Amino acid sequence: MLEIKDIDKIYSEGAGVKEISFSSEGGEILALIGPNGAGKSTLLNMISGVLCPDKGQILLHQRNVSDLETKKNIGYLPDQISVSPHIRMLDLLHLVSDYKYGGNYKDEIDKGILNYHLEKYCNEKFSKLSMGTKKKIGILIAFMGTPDLIILDEPTNGMDTHGILELKKNIIEAKEKGSIVVISSHILDFVNSIADRNLFLKDMRIENIAGKNEDLEEIYTRLYL
Amino acid sequence: MTDTYMKLTPLLLSSILFVIVIFIVEPAYIIHINTVPFENKQLIYMLGSLIVLVAFTATMVNVLGETVKSEHQIKYWLVLSRQEFFIYIFLKKIYWYYLFLILMYIVSGDLCKNKFLLCILLTILYITLTYLIYTEKDAAIYRGSRRIQAKQKKRARHKDCRLFRNRPNIELIFLSWKYRYAYPGNLICKAGATGLGIFALRWKLSESTYFLIYFLMFLLFILVDDDYWKKEIANTPLLRSMGIALGKYFRTNLMSGICFYSALMSLLYGLASRSVSGGIVFLLLSMCFVCYWISAYLYIYLSKAGQIEPLKLLLFVVALILEFIPIINLGVGILFYRKARIIWRKASC
Numbered sequence: 001m002l003e004i005k006d007i008d009k010i011y012s013e014g015a016g017v018k019e020i021s022f023s024s025e026g027g028e029i030l031a032l033i034g035p036n037g038a039g040k041s042t043l044l045n046m047i048s049g050v051l052c053p054d055k056g057q058i059l060l061h062q063r064n065v066s067d068l069e070t071k072k073n074i075g076y077l078p079d080q081i082s083v084s085p086h087i088r089m090l091d092l093l094h095l096v097s098d099y100k101y102g103g104n105y106k107d108e109i110d111k112g113i114l115n116y117h118l119e120k121y122c123n124e125k126f127s128k129l130s131m132g133t134k135k136k137i138g139i140l141i142a143f144m145g146t147p148d149l150i151i152l153d154e155p156t157n158g159m160d161t162h163g164i165l166e167l168k169k170n171i172i173e174a175k176e177k178g179s180i181v182v183i184s185s186h187i188l189d190f191v192n193s194i195a196d197r198n199l200f201l202k203d204m205r206i207e208n209i210a211g212k213n214e215d216l217e218e219i220y221t222r223l224y225l
Numbered sequence: 001m002t003d004t005y006m007k008l009t010p011l012l013l014s015s016i017l018f019v020i021v022i023f024i025v026e027p028a029y030i031i032h033i034n035t036v037p038f039e040n041k042q043l044i045y046m047l048g049s050l051i052v053l054v055a056f057t058a059t060m061v062n063v064l065g066e067t068v069k070s071e072h073q074i075k076y077w078l079v080l081s082r083q084e085f086f087i088y089i090f091l092k093k094i095y096w097y098y099l100f101l102i103l104m105y106i107v108s109g110d111l112c113k114n115k116f117l118l119c120i121l122l123t124i125l126y127i128t129l130t131y132l133i134y135t136e137k138d139a140a141i142y143r144g145s146r147r148i149q150a151k152q153k154k155r156a157r158h159k160d161c162r163l164f165r166n167r168p169n170i171e172l173i174f175l176s177w178k179y180r181y182a183y184p185g186n187l188i189c190k191a192g193a194t195g196l197g198i199f200a201l202r203w204k205l206s207e208s209t210y211f212l213i214y215f216l217m218f219l220l221f222i223l224v225d226d227d228y229w230k231k232e233i234a235n236t237p238l239l240r241s242m243g244i245a246l247g248k249y250f251r252t253n254l255m256s257g258i259c260f261y262s263a264l265m266s267l268l269y270g271l272a273s274r275s276v277s278g279g280i281v282f283l284l285l286s287m288c289f290v291c292y293w294i295s296a297y298l299y300i301y302l303s304k305a306g307q308i309e310p311l312k313l314l315l316f317v318v319a320l321i322l323e324f325i326p327i328i329n330l331g332v333g334i335l336f337y338r339k340a341r342i343i344w345r346k347a348s349c
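Taken in order, these protein sequences are the chains called X and U.
Position 93, counted from 1, in the first sequence is what this note's numbering calls 93; the numbers after and before it change by one each time, with no gaps.
Position 195, counted from 1, in the second sequence is what this note's numbering calls 195; the numbers after and before it change by one each time, with no gaps.
No lab work stands behind these hints, which were simulated from the structure alone.
Heads up, simulated SDA-like pairs for lysine to any residue below, C-alpha to C-alpha not over 25 Å straight-line:
id, chain 1, residue 1, chain 2, residue 2
1, U, Lys-346, U, Gln-307
2, U, Lys-178, X, Gly-103
3, U, Lys-230, X, Ser-130
4, U, Lys-339, X, Cys-52
Under 8 Å between C-beta atoms, here's a sample of chain X residues computed to sit facing chain U:
id, residue
5, Ser-48
6, Ile-87
7, Lys-100
8, Gly-103
A quick note: this is a predicted structure, and the numbers were derived from the prediction, not measured.
Backbone N, C-alpha and C fix where the C-beta goes; we use that ideal spot for every residue, glycine too.
All chains, please: the whole structure from these sequences, using the hints.
Set out below in structure tokens:
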């Protein structure tokens with residue numbers, strides 16, 4: 001269970017997030033929607049334990065997300081993946097498997113490589129890869145071992161249609177296995193087709209919560225335009 | 001004030017280093033060379049100069065390549081000509097010029113009696129060398145690297161080492177060891193030191209001289225490791241976000257560092273001194289130094305000092321001096337590790 005209790009993270013006047021609270025029991029897909037600078041990435045960074053909130057608590061199964069052990073149960077795709085430019089794709093995936101899961105899920109890696117059509121990039125340096133390919137690798141890392149909490153920051157950025165369809169499949173599979181998936185995206189159609197709850201961020205707070213199949217475009221227009 | 005200080009640091013550091021070199025290192029080097037039983041001293045100076053020149057060229061290919069690539073946008077924004085852009089790159093990496101002068105000044109010994117003329121010759125050599133490297137790297141941006149073009153043809157191969165599939169810790173050590181070879185500076189330095197190490201086996205020197213030679217080569221190895229850490233540190237945000245403890249990351253790098261740096265030099269020293277116990281002592285001592293330097297590199301690059309070149313250089317010099325003082329080096333090593341651990345934890349809340 002994911003619990004976000006009244007968290008604040010303020011960088012400067014109007015930048016950050018304030019009084020954010022929500023929870024999820026599991027087996028749910030949550031979407032964060034808002035324009036650039038609304039605080040989506042800040043919130044996702046805090047849920048993943050990369051950033052600390054100024055106030056409030058974020059708990060996964062009653063434990064703080066910043067605990068090292070809890071982090072092992074979180075899969076996170078940041079907006080920008082920061083790794084050594086020299087590392088080769090397959091080595092990076094094995095590195096994550098070895099460090100995080102004691103060498104498990106290597107068959108899952110092989111399957112993911114085939115599903116996302118990444119075979120030809122296995123021996124390629126990370127810095128030489130395109131933005132979409134980097135995202136696909138980040139997705140494989142985030143979904144590795146199907147952790148209880150999967151956080152995806154703008155997963156569709158730069159991704160081809162094949163990748164988006166495969167991602168959709170992975171998200172639904174993870175939900176069926178009981179994972180909580182938190183996504184931020186600007187593509188309302190993509191979000192609407194998978195998310196159970198849509199959280200709209202405005203003025204640093206959650207302004208509106210929309211359910212499945214609601215007219216997100218109408219809500220977005222009303223809130224931001 | 002801080003800005004002025006930051007700008008003056010490289011100048012101050014270079015001046016101090018230059019004074020140390022002229023009055024202490026170089027005379028000591030010449031005196032030491034004169035005690036070596038070789039008839040042709042000039043040959044040793046020439047050989048030393050050649051080795052330094054090759055190692056330096058390899059490092060510059062890497063350094064200038066990275067700079068030209070990262071700063072290339074400026075050439076367009078400011079509509080700079082090729083020569084103007086070269087001057088910009090040259091000034092940006094000016095401390096490499098000081099380093100080149102200092103190093104060549106030491107190894108060339110009394111090859112050239114007129115030191116003023118030597119400085120001019122070295123300057124011309126440095127400018128020619130860097131200009132040639134710059135031209136090649138600049139042209140590579142337009143045409144695309146030849147190496148990449150060749151690789152594209154065979155990149156479809158899916159390379160996976162089955163040997164380590166069920167041995168995660170060994171795979172991690174192997175990966176860390178493998179990526180140390182990805183940097184030309186490391187590779188050339190290792191090849192050069194190994195070649196010199198094997199060549200030194202033919203000399204009939206005392207055990208302490210052998211120890212000094214191999215240990216200096218081992219230290220040179222570790223100092224060249226900077227290239228590896230500069231890139232490797234980029235992996236740490238991902239590892240921290242996954243909840244990996246610094247201890248595990250440190251242990252992996254320590255093991256790979258021992259395999260890369262200590263193993264070969266200890267073997268060569270054991271062969272040279274014809275003593276198994278001597279080789280083991282060398283191995284243990286070098287392991288302590290690898291441990292010390294990995295802590296130092298981790299601290300320097302995890303802290304903000306890693307992003308400020310003069311400050312980083314200053315910390316390296318301090319670490320280099322302190323590593324030879326017994327007990328103090330142990331304390332400093334532990335201090336570096338503890339500081340790195342605090343930063344590691346703080347960044348992940």
